[in-house]
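Given next are the chains, with one letter for each unit.
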Amino acid sequence: MHPLSARIKSQFPQSLVSIVAYRGEVTANVKRESIHEICRFLHDDPEMAFNYIVHVSSVDWPNDSERFEIIYEVYSIPKRHRIRIKTRVPESDPHLDSMVDIWKGAEFMEREVFDMMGIHFDNHPDLRRILLPDDYPEGYPLRKDFPLQGKGWRDTFEFLGEKP
Amino acid sequence: MPQGLHDQRNTVYRINPKHPEDPALPVLRTEELMLNMGPQHPATHGVLKVVLDLEGERIVQATPVMGYLHRGVEKLAEHGTYHQFIPHTDRLDYVCAMYNNFAYVRAVEKLIDLQVPERAEYLRTIVAEIQRIIGHQFWLGTQALDLGAMTVFFYTFRDREILLDWFEQLCGARLTTSWYRIGGVERDLSPALVETMSDYLDYFPPKIDEYMIFLEKNRIWLARTKGVAVISAEDAISFGMSGPPLRGSGVDYDLRKYEPYAAYDKVEWKVPVGTNGDTYDRYWIRMEEMRESVKIIRQCLDHLKELDQLPTDDSRNQIMAKRPSVTLPTKDRVFTNLENMIQQFKLFSEGFKAPKGEIYCGTEAHKGELGFYIVSDGDSRPYRMKIRAPSFIHMGAFDHMCKGYMISDAVTIFGTYDVVMGECDR
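Those sequence lines, one after another, are chains A and B.
Per numbering that gives the first Met the number 0, the first sequence starts with residue 0, numbered consecutively.
Per numbering that gives the first Met the number 0, the second sequence starts with residue 0, numbered consecutively.
No lab work stands behind these hints, which were simulated from the structure alone.
Among the clues, some could well be false.
Stated by the list, open to error - Computed Cβ-Cβ distance ranges for the label pairs, DEER-style:
| hint | chain 1 | residue 1 | chain 2 | residue 2 | range |
| --- | --- | --- | --- | --- | --- |
| 1 | A | Gly138 | B | Asp376 | 20 to 30 angstroms |
| 2 | A | Arg79 | B | Tyr93 | 24 to 34 angstroms |
| 3 | B | Phe334 | A | His94 | 49 to 59 angstroms |
| 4 | A | His94 | B | Glu30 | 31 to 41 angstroms |
No residue lacks a Cβ here, since even glycine has one placed at the ideal position from N, Cα and C.
All chains, full assembly: derive it from the sequences and hints.
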């Protein structure tokens with residue numbers, strides 16, 4: 000087992016769902032309630048020292064009971080290792096603790112996840128849409144049920160006998 | 000507007016304690032001024048708007064408003080095959096397309112676990128470093144132009160033009176190149192191109208000194224870059240900054256050294272690191288990186304000459320990996336051989352099925368760490384693709400870095416990140 004995985008497993012036996020190693024990358028699936036605590040540990044612990052946030056992403060799995068997956072990928076510049084922390088939130092309650100107090104760069108990255116996937120980050124200082132307009136009415140574009148082709152003004156016209 | 004009305008709107012009438020008998024005597028007051036900068040401002044490098052809250056000329060708060068160039072590239076990626084996405088990456092950071100191609104194909108190769116032949120790795124390194132020189136030349140020209148020094152712009156663009164012509168001879172396009180392929184590169188360097196590049200490597204280093212002559216002793220340049228846009232190493236790391244903006248603060252984080260790829264661990268070169276974390280240090284780092292790039296390209300070209308001695312069918316000497324289910328056949332085979340034509344057709348229409356899994360692969364582009372996070376569900380299209388764009392993440396630190404500087408320094412701070420909005424908004 001990867002030393003990182005062993006350390007996290009011994010530290011948080013209750014909150015860890017699984018640990019996967021794929022192509023040399025360690026991914027820890029954790030429970031939503033404890034993700035902030037785990038990230039705080041990863042950042043502050045001198046052996047972990049994950050001081051650099053790489054990206055925050057989200058994946059939509061519409062058929063799962065806990066639909067959205069949030070991914071924090073962090074890197075340690077002094078120790079030169081990286082880890083990916085993942086958690087799941089259900090569609091009915093898409094809330095998660097914000098990591099802005101741990102990594103300042105998370106502010107924009109979490110705003111992007113909010114904008115594109117509609118995940119609400121609690122304790123985020125400024126949770127607004129970032130790439131789309133503030134009053135964008137059509138939902139969250141990276142969800143799988145968002146259509147690839149838009150329904151705009153042009154779609155209201157009849158084309159070759161086909162009614163819109 | 001009539002004069003009287005204007006006065007009424009902007010003046011607060013209060014009772015003046017010195018003259019209580021005259022209640023209508025105006026008392027002056029100050030308030031913060033809100034200023035919209037952009038999206039059509041020439042110094043914002045495309046379409047970026049910033050709402051500045053000003054106290055006099057000092058910036059109290061700067062709020063970037065982005066998304067004017069949002070095209071939904073991450074959504075588009077979910078609906079095309081892995082090969083079909085390569086041209087989309089050109090349009091991310093449109094001044095440095097080659098490096099985006101490189102970052103993307105590297106991520107896909109990591110996902111499908113594909114080894115690239117040695118010759119292709121060296122070719123990739125050469126072209127990526129040429130792209131880095133182009134990027135830094137472009138940055139220097141525009142940054143100096145934004146700060147009022149127009150001459151440097153003409154000099155850097157003159158030298159950049161030669162390299163763009165070189166790209167045109169290599170792949171037929173100057174900016175939207177799409178030369179990298181999954182498993183290798185599209186075509187080899189011709190002897191004429193190798194010769195042109197060798198000449199350029201002799202021609203270019205004195206030109207870097209020439210650019211520096213314009214700027215090193217230019218009092219305006221020094222006043223507007225030294226001590227401007229300072230960020231501490233700790234803050235820069237916390238914000239997730241990378242590339243020259245991070246190395247300017249004294250952190251030697253460079254993925255080419257930290258997690259070596261292509262031929263970077265087989266050639267001799269150094270990572271320039273600054274100390275003060277200001278715009279001047281970042282400028283110096285970019286100048287030094289151009290010199291390092293010249294060194295890297297020269298060593299790679301020498302190694303290509305050694306590889307030329309090998310027989311053409313040697314596995315090290317190929318420009319494309321041999322895995323017909325994934326990699327494309329060469330163009331001459333496509334036009335002359337039916338099987339290869341079918342292979343090409345199938346790869347472009349159906350694509351290949353990637354194994355189930357997820358990977359993140361970061362590449363040191365000249366702006367910073369350009370990463371691709373790909374989630375695959377076993378289909379021929381990515382289930383989810385996230386692009387970690389350095390410009391976007393650098394903009395997250397914009398407010399922090401702007402506080403307390405003058406309005407005119409906001410232009411320096413855009414420039415110091417080298418933002419390109421195509422990449423920032425995606």
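Consistency of the hints with the structure:
About 22 angstroms separates the C-beta atoms of A:Gly138 and B:Asp376, a value consistent with the hinted range of 20 to 30 angstroms. The hint said 24 to 34 angstroms for the Cβ distance between A:Arg79 and B:Tyr93, and at roughly 32 angstroms that hint holds. Between B:Phe334 and A:His94 the beta carbons are some 57 angstroms apart, a value that agrees with the proposed interval 49 to 59 angstroms. Restraint check, A:His94 to B:Glu30: a C-beta distance of roughly 37 angstroms satisfies the suggested window 31 to 41 angstroms.
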